[in-house]
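Single-letter residue listing:
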Amino acid sequence: MTNAANTQPRPRFVPGQPDMWAFVLFEALVFTAYFVVYVVRRTQSPELFLESQAHLDLRVGVFHTLVLLASSWSVARCVQAARERSFRTALTNAFLTLLLGFVFLVSKVLEWAAKIEEGFGFTSDEFFSFYYFLTAIHFLHLLIGFGVLAICVHQLWSPARRSQETIETCATYWHTIDFLWVLIFALLYVMR
Amino acid sequence: MSALLRRIAWHWRYDEKRELWIGWWTLVVFYNLYGLLFFVVARTQPPPKPSLEPSEIVQWFDDRHYGLLFGYAIVFIVGGATAIMNATLAYTMRRMSVSRAFAYSYLVIYALATLPGMLIMGVACTVGAMRPDRDPELMSWLYDFAFLSFEGTMGVFLIGSLVWMVAVLLDRNRVFPKWFGYLNLCNALTEVVVAPAWIFKRGAFAWDGAIAWWINMAVFVTYTAVFLTLLRRMILREDFGSGPLPDLPR
Numbered sequence: 001m002t003n004a005a006n007t008q009p010r011p012r013f014v015p016g017q018p019d020m021w022a023f024v025l026f027e028a029l030v031f032t033a034y035f036v037v038y039v040v041r042r043t044q045s046p047e048l049f050l051e052s053q054a055h056l057d058l059r060v061g062v063f064h065t066l067v068l069l070a071s072s073w074s075v076a077r078c079v080q081a082a083r084e085r086s087f088r089t090a091l092t093n094a095f096l097t098l099l100l101g102f103v104f105l106v107s108k109v110l111e112w113a114a115k116i117e118e119g120f121g122f123t124s125d126e127f128f129s130f131y132y133f134l135t136a137i138h139f140l141h142l143l144i145g146f147g148v149l150a151i152c153v154h155q156l157w158s159p160a161r162r163s164q165e166t167i168e169t170c171a172t173y174w175h176t177i178d179f180l181w182v183l184i185f186a187l188l189y190v191m192r
Numbered sequence: 001m002s003a004l005l006r007r008i009a010w011h012w013r014y015d016e017k018r019e020l021w022i023g024w025w026t027l028v029v030f031y032n033l034y035g036l037l038f039f040v041v042a043r044t045q046p047p048p049k050p051s052l053e054p055s056e057i058v059q060w061f062d063d064r065h066y067g068l069l070f071g072y073a074i075v076f077i078v079g080g081a082t083a084i085m086n087a088t089l090a091y092t093m094r095r096m097s098v099s100r101a102f103a104y105s106y107l108v109i110y111a112l113a114t115l116p117g118m119l120i121m122g123v124a125c126t127v128g129a130m131r132p133d134r135d136p137e138l139m140s141w142l143y144d145f146a147f148l149s150f151e152g153t154m155g156v157f158l159i160g161s162l163v164w165m166v167a168v169l170l171d172r173n174r175v176f177p178k179w180f181g182y183l184n185l186c187n188a189l190t191e192v193v194v195a196p197a198w199i200f201k202r203g204a205f206a207w208d209g210a211i212a213w214w215i216n217m218a219v220f221v222t223y224t225a226v227f228l229t230l231l232r233r234m235i236l237r238e239d240f241g242s243g244p245l246p247d248l249p250r
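Going down the list, the sequences are from chains Y and B. Residue 192 is where the first sequence ends in our numbering, and the numbering goes up by one at each step. Residue 250 is where the second sequence ends in our numbering, and the numbering goes up by one at each step.
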């Protein structure tokens, strides 16, 4: 306990910058508002939503979820390794997170392309409008996430940097992407 | 009342932060006036339905005839105040440890935002209101032009928020807390969701929709209230030096 107190000059209530948690809270509120609008519109035309939802492949949704959950696991391992000063392992896990993020990105683009080819575009019906909107706004967060992971790699790369707080802040952002996706997956693919 | 006037007179004569306070009060008065004129006098916000038929659009202009003319006449008079507002916000970036390029880009981009978001919309609405006996098709054109012009500012606000975000996150002078940098990102991301307003005439993504307008506006109002509060604190902390800003005296 004494050692821990010596290594941490100020009390920490959350991992990384507390400021990033304000972002998580605010984004969670904004997405909750989007989800409420989706659910309200869904209750107004349940048959249309159910019929259109049947055109989504649940297996693809499960695959996306597993990929992002694995990326959350690897970014958590990155943080843990950095705490233990095993920077090579931390860097490997940061790259693994990037790779998994890229797998999600490619897979999502392929899913969109397949749906458009099947004739389901942004304006096809209300369900697909929400499908493209929610997945696209999440995709935008993912693209920002690549920049955030690049900062994490940049920190881990040189012994002159390696700010544990910055690494944890980056990981918090990445977990948010995962957290939001799980909710989007449940609403678009699973909820009947 | 006289105590208040004496206080104002004292600040006018002796307060070394006089110009900053003028800028801050301009922001507060302008945003309140903007809300009053757009929501109450001209009644162009919350926006009407994009799906109105030409005859309904003529009726819409007719219902707001004096509100549009009177409301936007005041908007045109006070519109220039945005220069003082933008300069005050750019000042915060000049006080940061970051490159001056941030403040300059912010100034330019928000000067551009005034044009489509306020002036063009006002011109289109007053042109429609001035001669309500025009061809309904022409009135429809003015109606779409006005509201799509207003929506068109979102991209400017998006980039402006990102400029401010990067400046706050890179700054070492503690001008604003880092969470405000992230709040800028939240605001920027809600500007993106306005884009479908160009495609939809009905539903959550239309220009009057729950997502494209109501949620976006809720975030923008929160964001504005936050930055006005933080700006006031920043002025109170300002020491006119070049290093980190001191904490607010307890």
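Do not rely on the hints blindly, as some may be mistaken.
[To be verified] Just some of the chain B residues that point at chain Y, by a computed CB distance under 7 Å: (1) Trp21; (2) Trp25; (3) Ala73; (4) Arg202; (5) Ala210; (6) Ile215.
To be clear, the hints were calculated from the coordinates, so they are not data collected in a lab. The structure presented is a predicted model; accordingly, all values stated were derived computationally and were not measured. Ideal placement from N, C-alpha and C gives every residue a C-beta, glycine not left out.
Against the structure, the hints come out as follows:
Checking Trp21 (chain B) against chain Y: minimum C-beta separation of about 28 Å lies over 7 Å; hint violated. Below 7 Å, beta-carbon pairs count as interface contacts, and Trp25 (chain B) has none with chain Y, the closest being about 28 Å; its hint is therefore violated. Because the smallest distance between the Cβ of Ala73 (chain B) and any Cβ of chain Y comes to about 36 Å, over 7 Å, the interface hint for this residue is violated. The beta carbon of Arg202 (chain B) comes no nearer than 9 Å to any beta carbon in chain Y, farther than 7 Å, and the hint placing it at the interface is violated.
Among the interface hints, the one on Ala210 (chain B) holds; its C-beta lies about 5 Å from the nearest C-beta in chain Y, closer than the 7 Å criterion. Checking Ile215 (chain B) against chain Y: minimum C-beta separation of about 5 Å stays under 7 Å; hint holds.
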